[in-house]
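Peer 1: Spelled out from the first residue to the last, the chains are:
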Amino acid sequence: MDRWKVKKRFFTFLIMPGFLWILTFFFLPLAFVWIISFGEKSNIIDVIITGTFDNYIRAFDGIYFKVFTQSILISLITTLICLIISLPIAFLISFSSKKIKTLLLILIILPFWTNLLIRTYSLIAILRTEGHVNKILEFFWIKMNSILLFLGIYGEKIIEPEFMPLNLLYNNFSVIFGLVYIYIPFMIIPIYVVLDKFDKSYIEASLDLGAGQIKTLFKIIIPLIYPGIVSGILLVFVPCLGSFVTPDLLGGSNSQMIGNVIERQFKSANDWPFGAALSFLLIYITIGLILIYSLLNKKRIKEKI
Amino acid sequence: MISKKQLILRRGPLEYSRIKWLKYFTVLFFIILYAPIINLIIFSFNDSKLNIVWRGFTLKYYLKAFQNETLILSFINSLSIAFVSTIISTIIGVLAAICLWKFNFKLKNYYELSLLVPIIIPEICMGVAMLIFFNSVNWPTFINWPLNLSEIIIAHISFSFPFVVIIIRARLGNLNKVLIEASKDLGATEWTILKYIIFPFIKPALIASSLLAFIISLDDFIITFFTSGPNNITLPVKIYSMVRFGVSPEINAASTILIMVVIISTILIVNFLKYENNSK
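Each protein sequence line maps, in turn, to chains A and B.
Residue numbers for the first sequence follow the numbering used here, beginning at 1 and rising by one.
Residue numbers for the second sequence follow the numbering used here, beginning at 1 and rising by one.
Please keep in mind that the hints were generated in silico from the structure rather than gathered at the bench.
Please read these numbers as outputs of a predicted model, since none were measured by experiment.
Fair warning: there could be bad hints in the mix.
Covered stretches of chain B (in silico footprint by chain A; criterion: 3 or more residues with CB under 8 Å from a CB of chain A, positions within the stretch not fixed) [unchecked claim]:
1. 128 to 137
2. 242 to 254
Simulated crosslink set (DSSO-like; lysine-lysine; CA at most 30 Å straight-line) [as the list claims (entries may be wrong)]:
3. Lys-197(A) <-> Lys-215(A)
4. Lys-106(B) <-> Lys-302(A)
5. Lys-197(A) <-> Lys-20(B)
6. Lys-98(A) <-> Lys-20(B)
Where is the CB? At the ideal position from N, CA and C, for every residue including glycine.
With the hints as constraints, model all of the structure from the sequences given.
Peer 2: So, in structure tokens, the structure goes:
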């Protein structure tokens with residue numbers, strides 16, 4: 001590696017495009033958001049910067065605070081479900097033969113190449129009242145009824161004769177289902193990467209020494225793949241918290257998330273300072289989580305030494 | 001006595017892939033992961049407006065999509081944005097990656113860290129930032145193509161070139177420095193080293209990263225949604241405005257086209273990389 005002073009001109013040629021670009025077209029826009037978040041709306045289009053903290057205070061009262069806590073809750077539940085599903089899947093992949101392993105990994109990464117919007121939209125056709133889930137349930141319902149009829153206990157009204165379709169769309173269930181559906185690869189991949197690297201003879205040793213499968217799982221495997229789990233949690237939780245498309249398309253009026261409130265400030269309510277403040281709260285939460293994550297990592301590395 | 005057959009059937013301590021419930025669970029998982037998308041593609045060929053039951057094969061919704069002028073225009077916009085932003089972000093990304101690999105300088109760690117910020121902050125925050133930025137600096141509104149896409153292109157470069165930097169930087173980490181030293185001993189200039197050693201070495205990573213930049217630009221919805229006006233919508237934004245009116249086979253057709261473009265470009269590049277490797 002060279003010191004930059006040795007070849008000043010070459011160094012400048014290499015560094016300037018990227019540096020200037022990210023400064024002008026990323027950090028400058030962020031600075032604009034930050035400044036506007038301390039402003040007030042003067043009329044429909046103009047904003048005066050008054051240095052007020054009102055926008056931040058507003059985020060913590062009444063309905064907005066409820067939206068905040070609800071978003072965090074939805075993201076937490078989503079992360080937990082992703083974790084529970086990912087563990088066995090990652091486990092199976094890392095213990096499969098090489099050919100199947102590659103196939104399964106490709107199958108998990110492939111949805112990444114599909115548009116988030118399209119994947120969310122594709123769930124509507126599955127979950128809606130006349131969607132496939134309800135159609136399948138109805139089919140079993142009718143079969144069940146005909147069996148009861150055959151057995152001669154139809155009149156006992158064990159189950160309702162008419163099938164009532166379930167409301168699977170436009171509620172918290174559909175939002176969580178959609179988020180799990182979209183973000184689960186982000187949990188499987190990091191867990192798989194760690195699981196694939198660690199020495200499998202630890203498991204064998206633990207089983208040999210008389211620990212059961214469950215004890216081995218909690219005492220050996222989970223502590224060892226812990227870093228993968230933590231990065232998975234971060235990779236799922238952060239985009240969930242800032243998600244907008246999924247709650248917008250799959251959620252009802254009671255399952256709004258921060259992203260929807262932000263979008264409304266810019267697209268319909270026209271309250272830019274408030275929207276900017278909400279965006280920055282989201283950024284602060286993200287940075288906070290990443291700091292905690294890197295501190296945990298440092299601590300772990302220290303402990304190892 | 002355990003017969004030979006039983007011995008084969010019996011699961012070894014580490015053969016977790018042979019646990020039945022784990023297998024069924026994984027199969028079920030992949031079915032749920034793929035069913036909605038496959039369903040979407042199949043029902044784009046369905047001859048029914050309501051799109052609930054199968055009523056026979058038809059291509060009429062594709063024809064309808066191709067006759068829809070704004071849809072076609074938005075598709076052309078999407079492709080041109082992806083094309084331009086890929087070229088620019090690849091150039092910027094390669095230069096930055098070589099710089100990070102080659103030079104030591106003060107605040108280098110901070111520069112590397114700052115390149116990660118566009119990747120980690122929530123997309124909606126970046127969309128908001130772009131909206132506020134272009135409004136505050138009074139970015140001129142161009143009417144003519146392709147200048148009317150400038151805002152979206154700029155926003156796309158901002159989030160895609162850091163990916164290029166990461167991929168190329170990782171590849172350069174594997175380059176044997178002895179090669180560089182040898183060529184310097186033999187009197188090569190920086191430009192010769194760049195042309196004859198570095199570029200051939202990073203070529204696969206270059207192609208892979210520009211493909212990634214192309215696809216994330218083509219697929220982006222949220223940031224484009226905030227930066228686009230009524231005159232410069234992209235295909236995802238158009239699909240979004242159609243989805244607001246409910247499920248229709250036309251959306252399925254448009255979505256299928258977008259999925260296919262992405263899949264075909266992936267296959268092309270993968271084949272190209274294979275060909276490159278084989279010819280060596």
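Peer 1: Could you run down the list of hints and mark each one as holding or not?
Peer 2: Outcome of the hint check:
1. 128 to 137: Result for this restraint: holds, n = 7.
2. 242 to 254: holds (count 3)
3. Lys-197(A) <-> Lys-215(A): The given pair, whose Cα atoms are some 21 Å apart, holds under the 30 Å limit.
4. Lys-106(B) <-> Lys-302(A): holds (26 Å)
5. Lys-197(A) <-> Lys-20(B): holds (24 Å)
6. Lys-98(A) <-> Lys-20(B): holds (19 Å)
Consistency note: the structure conflicts with none of the earlier hints.
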